[in-house]
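Enquirer: My numbering puts the first residue of the sequence shown at 1, with every later residue one more than the last.
Take these hints with a grain of salt, some might be off.
[Claimed, not checked] Restraint-style ranges between C-beta atoms, simulated for each label pair:
no., residue 1, residue 2, range
1, G388, R367, 21 to 29 Å
2, E433, A14, 45 to 53 Å
3, A305, E413, 19 to 27 Å
4, G368, G260, 31 to 39 Å
5, A98, P76, 34 to 42 Å
6, M196, A70, 30 to 38 Å
No lab work stands behind these hints, which were simulated from the structure alone.
On a predicted model such as this, the values are computed, not experimentally measured, just so you know.
The C-beta atom is built at its ideal place from N, Cα and C for all residues, glycine as well.
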Amino acid sequence: EYSDAAGGHEPHEAVRSVLEEALALGQASPDRSADDDQQLARVSIDLAFYLYVAHELEAARALMRAGIAALEPGPPTRGRAGLRARLGWTYWRAGPLADAPPILRQAIEEARACGAEDVERMALHDLGIAAGMLGDSRQSLALVEESLDLARAANDRLLLTRCYINVPSLMYSNGETNERILPLCSEGLDRARRSMDHASASWIAQNTAENLAFAGRLSEAVPYTDEAIRAARTVGELTRLAWCLGQRGFIRLAMGDREGARADIEESRRTISTVEPQSAIYDVLVDALFLWPDDPSAASRSISAELRSTDAALPSLLDAAPTAARMALRIADAAGLEHDVAVFLGVTSRCSGPVRVLQARWMDALRGDPAPAAATLRAVADEFEALGYPLPAADCRADAALLARRADLDPTEDEAEARRLYTACGAVPLLGELPEDRWIQVTEITRPV
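Could you build all of it, start to finish, from the sequences and the hints given here?
Expert: Okay, here's the thing in structure tokens:
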């Protein structure tokens with residue numbers, strides 16, 4: 001009961017200590033009933049979460065496997081289904097990602113068999129997230145939106161909280177617009193603030209900042225990153241804190257504050273030493289952006305190499321591949337450009353939202369002849385701006401200007417439009433100031449693919 005009341009509010013170490021004491025007392029009882037065993041399963045499920053966030057992954061998994069074994073053989077039970085669901089959760093969080101869906105489906109089947117509808121709803125939600133991590137954004141969003149409907153119908157407060165965190169994030173991956181995403185973020189953040197649920201507030205504030213920043217509303221995003229950082233510090237969740245610091249660092253970099261960005265990134269890396277599959281590629285992306293002015297070839301190669309990694313969650317490639325492709329375009333790395341665009345299009349082929357559709361047109365055009373490609377990018381930039389995404393529009397116009405110059409066309413209008421859009425966003429071009437004269441006469445390079 002303390003865990004239910006204190007989760008997200010009290011420091012993690014305090015909640016974990018109480019759960020460990022409860023588990024020890026229960027296990028020491030000489031005459032446990034079947035109901036007692038179910039209660040112990042519930043304690044183990046909660047304790048496994050706190051072990052996980054303390055970077056004790058194997059201890060968390062061992063605890064859950066022991067709990068499952070203790071309840072076998074026997075008929076389906078809520079406790080065993082819940083343990084399976086939590087075990088599956090650790091696999092989409094920490095990998096191997098492909099191991100998560102079978103465990104979660106088993107949890108759903110057992111929960112359904114014993115009438116544990118709350119466990120079934122939660123496992124369905126995690127199955128949706130796992131599908132997204134494996135690259136199926138459409139299916140992922142459908143499953144988590146179903147879980148949101150079920151949570152609202154049942155007034156399932158715990159699942160509702162997770163939906164307010166994860167549904168907007170998966171909408172972003174699928175390419176939905178902020179017109180759909182931000183109202184759900186606002187609803188969830190207001191709820192988390194009123195209940196003083198600091199952990200959830202940190203997640204939702206970070207998601208809000210991510211969507212605002214991607215669109216180009218950078219000054220609006222900064223207060224949300226600050227709130228996310230404060231809330232993460234309050235509950236002492238170091239992984240959460242590191243993510244939030246990394247996000248603020250990226251936003252500062254986009255705004256031209258390289259020193260502030262570097263300070264945030266360095267603090268983020270001091271905070272934790274391991275990263276999850278869903279965030280692994282971002283360290284490489286940020287390092288490449290810092291390296292770009294001095295060694296563009298090395299910067300480009302570093303991201304392209306990471307795009308080949310089997311450890312990265314596929315949605316994270318949606319953020320890294322466009323930057324890699326734009327770098328390859330500038331240094332005339334045709335093979336690298338082809339690879340980076342192919343990676344992006346491979347992931348977006350299972351996305352359906354309008355933002356990803358526009359990005360796919362943009363990336364695909366980069367592989368074409370400069371003059372028609374520039375014309376395509378102008379049209380895409382206009383559509384981005386009409387959707388309320390001036391920062392992608394600015395990058396698109398910057399690419400159009402570069403391609404126009406390579407085609408011996410007048411880039412003046414494209415450069416002027418790019419500057420206007422960057423200024424409106426309070427942003428700087430991450431790949432260099434306009435005009436990008438240094439890339440006009442670059443000789444095509446070759447390297448192994």
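Enquirer: Now tell me, hint by hint, if it's right for this structure.
Expert: Going through the hints against the structure:
1. G388 x R367: 21 to 29 Å: 27 Å, holds
2. E433 x A14: 45 to 53 Å: This hint holds: roughly 50 Å between Cβ atoms.
3. A305 x E413: 19 to 27 Å: This hint is violated: roughly 36 Å between Cβ atoms.
4. G368 x G260: 31 to 39 Å: Cβ of G368 to Cβ of G260: about 38 Å, so the range 31 to 39 Å holds.
5. A98 x P76: 34 to 42 Å: 25 Å, violated
6. M196 x A70: 30 to 38 Å: 35 Å, holds
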